[in-house]
Amino acid sequence: MTDDTAATPEDETPEYALVEIAPGFGALFGPSVPDGFEMLKTPIMPERATRDLTSAMSNLIGVANLGSQLFMAQANLQGLVQLAPETLNALETAHPVMSGGFNLGTLVDSSGKFAQSVRWMPVKDLQAMGGLSAVGPALQMLAIQAQLAEMKSLMQDNIQLTQAVLKEIRNERWASASALRETLGHALEEAQAVGAVTDGVWQNIAGLEDDLTRERKRDRRAVDDHVNALATQKSHIDREKFLAEHGDAILADLLSLVAVQQAWFIYQGLRAGHLYEGSETTPANDALISHIVDKAQVGWKQSTSDVYELTSTLHQQFSLFAEFSGNRVIPVGRAHSARRKVSEASREFLKRLDVLENEIGYKTRPLPQASLLLIEKGDRQARAAESLRWELNDSEELLAIGVGDAIGAFAGDRYIAATADRLLIARASEVDRHGGPWQAFSTSDVRFVKSSADDKWKEVSIDVYLREDEVHLKLDVPSDSETGRSDAEKLVQLLRSFMNLPSDEVPQSPLLTAANENETPAIEPTHEPELLDS
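Numbered continuously in the UniProt record's numbering, the sequence shown closes out at residue 534.
To be clear, the hints were calculated from the coordinates, so they are not data collected in a lab. Hints may contain errors.
What the hints assert, rightly or not - Below, simulated DSSO-like cross-link-like pairs (lysine-lysine); rule was C-alpha separation at most 30 Å, straight line:
1. Lys217 / Lys377
2. Lys377 / Lys474
3. Lys363 / Lys301
4. Lys217 / Lys351
5. Lys301 / Lys351
6. Lys152 / Lys377
7. Lys301 / Lys152
8. Lys217 / Lys301
9. Lys41 / Lys363
10. Lys241 / Lys152
11. Lys152 / Lys124
12. Lys241 / Lys341
13. Lys152 / Lys363
14. Lys217 / Lys241
15. Lys41 / Lys241
16. Lys377 / Lys363
Starting from the given sequences, assemble the full structure and let the hints guide the process.
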């Protein structure tokens with residue numbers, strides 16, 4: 001979907017309305033599914049909830065007086081739309097272009113062509129307009145459909161691959177988590193087949209909450225133990241040995257935790273659906289449905305975030321091992337009787353890790369592209385970029401990187417890299433051999449920068465004075481760079497742009513204070529000065 005800022009209410013009155021009901025997902029209301037448009041079907045959306053939401057939307061459209069008669073006559077909930085990043089940005093930043101607070105946009109089909117004009121609005125704005133309070137439980141049920149639909153799709157795509165990976169690494173603890181997910185998955189299919197979480201569906205799974213809680217706690221403790229143990233491995237050799245020995249166990253526990261979390265989330269969705277079926281006769285269930293859905297979404301978000309973080313760490317470490325371990329070997333097998341190259345073992349682990357990454361939607365980081373690159377082309381340039389791929393934060397942009405010989409506390413061959421927020425220093429030989437480590441300083445700690453260059457600008461001396469450290473570097477200017485001098489000057493200019501001296505670091509001299517408080521009056525001459533002879 002895209003914004004259509006040129007359109008006005010007079011141009012057209014769309015038959016469709018799109019409501020953002022969860023991060024990344026919108027609910028589409030209209031007479032039918034637009035041609036060529038892919039929808040995510042709601043797995044367990046009760047028919048009564050669909051009617052309630054459609055009625056509420058029709059009333060809101062009617063209040064806004066936006067061609068409401070046609071909409072009210074034809075509108076139905078058609079399903080869920082997965083929103084593209086540009087659509088999400090539009091939802092956050094666009095200004096209303098229609099009366100009544102609705103925005104006008106365009107749905108784009110799977111081939112990238114414009115499909116339908118549509119009114120759209122984030123659900124929080126609709127709630128502010130009023131009229132949705134009476135259908136709160138239906139709105140909660142709709143919100144949980146997005147995650148259930150996405151989860152169901154991932155489970156279908158990855159469950160066989162997951163089982164193959166865990167069979168390969170012989171993990172016995174997977175069995176119970178897998179059984180729970182399979183049981184809840186079947187219950188979800190049954191509810192979807194009949195269009196409701198009936199008593200018959202619910203009774204088959206109602207007693208599983210204790211099992212789910214126990215498995216979640218067990219797998220959660222196991223993952224936390226791995227995180228804590230990995231944090232104690234300080235050197236690259238220690239991390240290499242630790243992950244060679246425990247990497248498969250960590251992966252198995254992560255896969256098990258994801259499986260049991262999926263089962264737990266499906267259970268909460270089915271429980272909310274079953275309560276909704278009885279909410280007409282038990283109004284108190286409305287509050288309980290809201291509580292269950294909120295708890296499920298918070299729990300799923302927290303668990304997914306933690307799994308994502310550890311998965312990212314594993315991907316980072318094994319990617320570094322694969323690229324920087326050279327010919328080093330490690331013992332493998334239960335008896336550690338065989339030996340394999342670290343790089344080969346790491347690449348195989350990354351293939352197994354790919355299954356988990358698909359489960360959680362992990363996206364590997366792209367190679368950073370420095371705006372200013374002062375390193376000779378070749379292996380060193382490629383290794384510096386590969387190392388910084390895993391050192392930089394997701395939102396950091398690499399502005400510049402260079403290499404040179406340093407003196408003082410950072411003596412030796414050093415890389416220096418800069419982002420808007422951090423200055424990064426690393427021993428070049430360590431980066432070239434192991435991918436790091438880098439030492440980071442906040443750019444807000446840069447106090448003063450000075451520089452000088454030789455006559456031919458083949459070497460530039462840069463002195464960076466930080467709040468508590470100093471970096472003295474003789475920067476190598478690439479010989480194959482036609483703009484070597486210009487690039488070196490730009491790097492110095494960038495570093496100088498970070499300079500700042502906070503007022504609380506500027507001392508107040510008592511001499512200056514006393515002089516200001518006791519100003520001596522000017523001395524007046526007592527006679528006319530004598531003029532010197534010319």
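Against the structure, the hints come out as follows:
no., hint, in the structure
1, Lys217 / Lys377, "51 Å, violated"
2, Lys377 / Lys474, "19 Å, holds"
3, Lys363 / Lys301, "17 Å, holds"
4, Lys217 / Lys351, "28 Å, holds"
5, Lys301 / Lys351, "25 Å, holds"
6, Lys152 / Lys377, "47 Å, violated"
7, Lys301 / Lys152, "16 Å, holds"
8, Lys217 / Lys301, "16 Å, holds"
9, Lys41 / Lys363, "25 Å, holds"
10, Lys241 / Lys152, "37 Å, violated"
11, Lys152 / Lys124, "26 Å, holds"
12, Lys241 / Lys341, "12 Å, holds"
13, Lys152 / Lys363, "20 Å, holds"
14, Lys217 / Lys241, "28 Å, holds"
15, Lys41 / Lys241, "46 Å, violated"
16, Lys377 / Lys363, "28 Å, holds"
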